[in-house]
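As they're listed, the protein sequences go chains A and B.
Numbering (UniProt numbering) for the first sequence: 1 to 106.
Numbering (UniProt numbering) for the second sequence: 1 to 393.
No wet-lab data here; the hints were simulated from the structure.
Where a beta carbon is used, it is the ideal one built from N, C-alpha and C, also for glycine.
Mixed in with the good hints, there may be bad ones.
[To be verified] Far from chain A, some chain B residues (derived; all Cβ distances over 10 Å): (1) A4; (2) I94; (3) A212; (4) I218; (5) A298.
[To be verified] List of simulated lysine-lysine pairs, DSS-like, C-alpha gap at most 27 Å: (6) K25/B - K364/B; (7) K31/A - K12/A; (8) K12/A - K328/B; (9) K328/B - K31/A; (10) K328/B - K25/B; (11) K148/B - K102/B.
Listed below, chain by chain, are the residues.
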Amino acid sequence: MPTITFITAEGKQHAVTAEIGRSVMEIALEKSIPGVVAECNGSAACATCHCYFDPAFTEAIGPVGEHESDMLDFTAAPRRPESRLSCQVRVVDTLDGMTVRIPAMQ
Amino acid sequence: MAHAVPVVSDIAVSDLLADPYPIYKRLREMAPAVYVDSARLALVTRFDDIMAIERDSETFASSNPGSLVNKVMGHTMMRKDGEAHAMERRAVEISFRPGTIKNHWAAQFEATSDRLIADIESQGAADLFDTLAAPMASLALIELLGLKDVSWQTLACWSQALMDGAGNYSGDPEISARATEAAAGVDAAIDAVIAWHRENPNPAVLSSMVNAENPMNIEQIRANIKVIIGGGLNEPRDSILSLTLGLLSNPAQRAEVMANPDLGPLAFEEAIRWISPIGMYPRRVTRDVELSGVELRAGDQIGLCVGAANRDDRRFDNPDSFDLFRPKQPHLAFGAGPHFCAGAWVARQMVGRIVVPMLFSRLKNLRLRPDAPARIHGWVFRGPVSLPVAWDI
């Protein structure tokens, strides 16, 4: 199983093994990583699981969907090129070693 | 060891309607779930429990064979789970996206709000329930749905009649008859415009429904339009009034919001935490399960009291006070999980960015009337039912 490292807004690192096929949001909740709220639990409706994903993994993560992109324009923390809704990113083998930064606000 | 759900028999529905918060506090302290005789439901009142329940829709289902909502409105997405729910939800989502709201609906909401405020501007006093909040919410919903030739009063009547029908547990024939009549009215209003929406794709909900990747059939359209009418009118109406009341009662916070309109959305979130327009909604337990130490049984009907969770003092300091500067953290006024309010972004834009800021900037020295205090009512749905105000002219 790939290892993903979450980095909180305070800079604390949490390296976790992630089950393939789950969403990165689900992994964060399961491992009680602070700062991923996920009010809508993966429906891409609330924009409270916003994270900044390691740009080196952009291709492995896959493209931003149209609906997701619309939501990303309304996140509490500023949108950046590496912004994604973590509920829309599925864990695959090639994400091993990826870091995910959690913004200060959701 | 897990305990059985305690039963409470001394709570009258009239007490819940008048002021549920002291009762919620008692229930929160008593147990994770408490069966309240008069409500015929086990009420869940703690924040963390509701969040956990909403993350497990297999154990805690929205679908319910005996649901009155289904009887009155048809089989709506609000009472479906899993892919059946997700597919119908996707078919309307585009109308409610934050970008669609900002780029398309905001200008219409602004024009409506402007007109309603202009109508009362020279009067110096009004009850904001029927002069602003109710017509605003109703007119906005007519536009959002894509209905034509329906007055705001008619839509408001339909909404109330459908909701009364959905809550008609005693089977009152008069309430049933009014709900049936409203349902027929909604069906006719849909029939009058549906062909037009099919031929003229636009951001309205009816257009999204017929032009989606998986278009809804006419039964799905009828049921889901009814549930949006039933559930989409009182929440923006009530939150306009609660936010206005919160700011009028707290002059320092009001001054900050007037100086910095970007605080409007934050104030809105606090208003719906403080008085959550939807205070309770039901779920059905599908298997025996333990909830924070109490035993729930398959078939149990539970009521998730988000109005109580949003005042859970394990979570919020001084939960009964309106304080938009409290540490920012999530609330449950929009629910959680797959049924998270589809209209959340509409309400944020309409109430927090448009109507309430416009009200305070246009009506000078807006103030409550000590001789005519605001009245707040309800528990399943709660909000001000009268908000008399005065201003300088």
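- Under the criterion that the straight-line Cα-Cα distance not exceed 27 Å, is the pair K328/B, K31/A satisfied? Given pair K328/B, K31/A holds - Cα atoms ~22 Å apart, limit 27 Å.
- Pair hint outcome, K12/A versus K328/B [Cα-Cα no greater than 27 Å]: holds, 20 Å
- Task: Quickly compare the C-alpha distance for K148/B and K102/B to 27 Å and report which way the hint goes.
- Result: Distance ~22 Å between K148/B and K102/B Cα, so the pair holds.
- Query: A4/B clear of chain A by more than 10 Å, beta carbon to beta carbon?
  - Reply: Consistent with the label, A4/B stays out of reach of chain A, its closest Cβ about 29 Å off (over 10 Å).
- Query: Holds or violated: are the alpha carbons of K31/A and K12/A at most 27 Å from each other?
  - Reply: Cα-Cα ~14 Å, so holds.
- Query: Does I94/B sit more than 10 Å from chain A, CB to CB?
  - Reply: violated, 8 Å
- Would you check the hint for K25/B and K364/B, treating anything up to 27 Å between C-alpha atoms as holding? violated, 38 Å
- Message: Quick check for students: does the CB of A212/B sit more than 10 Å from each CB in chain A?
- Response: holds, 12 Å
- Given as non-interface: A298/B, which should sit over 10 Å from chain A by C-beta: holds, 22 Å
- Query: Does the alpha-carbon distance linking K328/B and K25/B stay inside the 27 Å limit?
  - Reply: At roughly 22 Å apart (the allowed maximum being 27 Å), K25/B and K328/B satisfy the hint.
- Message: If I take the minimum Cβ distance from I218/B to any residue of chain A, is it greater than 10 Å?
- Response: Fine: 25 Å to the nearest Cβ keeps I218/B off the interface.
Checked against the numbered hints given earlier, the structure breaks hints 2, 6 and satisfies all the rest.
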